[in-house]
Amino acid sequence: MSSAAIPAGTKWWSGGKSPFNLSYGKMMMWYFLMSDAFTFGAFLIAYGTTRFSANYWPDPNHVFDSAPFIHGGAPLVFVSIMTFILIVSSVTMVLAVHEGHNMNRKGVEKYMLWTILGGLAFLGCQAWEWTHLLTGDNPVLVNGEIVEMATTVKVNPWGEVVPGMMHNGHQVTTPGPVAFGGFFFGITGFHGFHVLSGVVINIIMYIKTRLGHFDQRGHYEMIEKAGLYWHFVDLVWVFVFLCFYLI
Amino acid sequence: MSHSSPASSEISFVQHHDDGTFKKTVRKVTIILSVVTIIELLCGLAIFKLGHGSHMAVLMIKGLVTILSLAKAFYITSYFMHLGDEIRNFIMTIIVPLLLFVWFIAAFLIDGSSWRELKNTAAGSKPATEQVEKAVAPGDKK
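Residue numbers (the working numbering), protein chains in the order written: chain A, 790 to 1036; chain B, 6 to 147.
Chain A extracted, bound-state conformation (with noise of 0.2 Å):
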């Protein structure tokens, strides 16, 4: 990391500059990133706060285990999936923004395009993904039968095993702690609804960009705050994957 080499005499409290010799709009989103930061951070404690309070809590290499055409025993396959599609198209915002510093029109809406489309791509692993666990059958020993159960958010079969006892060629569990659909589901819809809002805001942006706006405007520096907003996307996804999925 650099800081930038400052032109000697640049006078910052003259008036008429940015003392941060950024723009007033890119400053704040900025700003708006960081206080975004605090509420995904303010959701991810709670859930460590609650995960630290009980004495069992299901094993995410045993929840997500599955992937399409694969029914259970690969755990971190289909996530592992879906990280590589958010830092590719990540990289491909990175170009975007670059062919935009270059005014590179044609070059901007490729790359858009690119990174529209890995937003959908990873849209669509989340929602194979809530539909797998919402429509999932896992038989539980609920009162001394067996219940076929699925993940919400008020109940999960991911509770501790019942040595033993099979069902079906699956391992009979105990209902799981209550909270941890709610937490999944929960953190893991506000980041996809950031996603989804970020490709909403990406689709403008192509539109703007194929309409000439910005080139009429001398500079692309929507797409950068675009850009930022997106890669805040990818850098909060790093996060979840880690609480959720790795740990």
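Honestly, the hints are just simulated from the structure, not real lab data.
Keep in mind that this is a model prediction, so the values were computed, not measured.
Among the hints, a few may not be true.
Claimed, not checked - Chain A stretches covered by chain B per the calculated footprint, using a threshold of three residues with CB under 8 Å from any CB of chain B:
| id | stretch |
| --- | --- |
| 1 | 837–846 |
| 2 | 877–885 |
| 3 | 991–997 |
| 4 | 1023–1030 |
Said to hold, decoys possible - Quick list of simulated restraints, FRET-style, between CB atoms:
| id | chain 1 | residue 1 | chain 2 | residue 2 | range |
| --- | --- | --- | --- | --- | --- |
| 5 | A | Leu902 | B | Trp120 | 46 to 52 Å |
| 6 | B | Trp108 | A | Lys800 | 33 to 39 Å |
| 7 | B | Arg32 | A | Val931 | 51 to 57 Å |
| 8 | A | Thr920 | B | Ala62 | 31 to 37 Å |
| 9 | B | Leu47 | A | Ser803 | 50 to 56 Å |
| 10 | B | Trp120 | A | Leu1000 | 54 to 60 Å |
To be verified - Computed cross-link-like contacts, BS3-like style, restricted to lysine-lysine with a CA-CA straight-line distance of at most 27 Å:
| id | chain 1 | residue 1 | chain 2 | residue 2 |
| --- | --- | --- | --- | --- |
| 11 | A | Lys895 | B | Lys33 |
| 12 | A | Lys1014 | B | Lys29 |
| 13 | A | Lys815 | B | Lys33 |
| 14 | B | Lys124 | A | Lys895 |
| 15 | B | Lys28 | A | Lys899 |
Just so you know, even glycine gets a beta-carbon here, dropped at the ideal spot from N, CA and C.
Given the coordinates of chain A, assemble chain B onto it according to the supplied hints.
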């Protein structure tokens, strides 16, 4: 291909990289992010294989994964979001408030585990043992 003029009259100078350096930086950061993610996934797999057998080793791996995630966060903000190219004063207005997280995480996680320990004691499982305030007779207040 000309580099842009400042997007706004408030900006004194434009920080720009020529295409060559830019491409090299992007490639480098992409490779770093991918490699770190792969190491994280291997750690996740190691946790899976170790299971609950070795508690200390699992805890160490989880610590390592957390540090790797922070490294990824640094590369994304510094290079992809170009925070590293901003002037120092601005970087500080972002980084310093985020230090609140140090207290935030420590305090709440310690609170969580203390809660668990209390719940596991005899006192924690018996709400009846809680102190109940004595009823105050009217006019008795000082």
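How the hints compare with the structure:
1. 837–846: Holds: 8 residues of the stretch 837–846 of chain A have a Cβ under 8 Å from chain B.
2. 877–885: It holds, with 5 qualifying residues against the three required.
3. 991–997: violated (count 0)
4. 1023–1030: Coverage by chain B holds for the stretch 1023–1030 of chain A (5 residues, Cβ < 8 Å).
5. Leu902(A) - Trp120(B): 46 to 52 Å: 49 Å, holds
6. Trp108(B) - Lys800(A): 33 to 39 Å: 37 Å, holds
7. Arg32(B) - Val931(A): 51 to 57 Å: 54 Å, holds
8. Thr920(A) - Ala62(B): 31 to 37 Å: 35 Å, holds
9. Leu47(B) - Ser803(A): 50 to 56 Å: Since the Cβ atoms of Leu47(B) and Ser803(A) sit about 54 Å apart, the hinted range of 50 to 56 Å holds.
10. Trp120(B) - Leu1000(A): 54 to 60 Å: 56 Å, holds
11. Lys895(A) - Lys33(B): Holds, at roughly 25 Å.
12. Lys1014(A) - Lys29(B): Judged against 27 Å, a Cα distance of about 23 Å means the pair holds.
13. Lys815(A) - Lys33(B): 26 Å, holds
14. Lys124(B) - Lys895(A): At roughly 62 Å apart (the allowed maximum being 27 Å), Lys895(A) and Lys124(B) break the hint.
15. Lys28(B) - Lys899(A): At roughly 17 Å apart (the allowed maximum being 27 Å), Lys899(A) and Lys28(B) satisfy the hint.
Hints 3, 14 from the list above are not met by this structure, while the remaining hints are.
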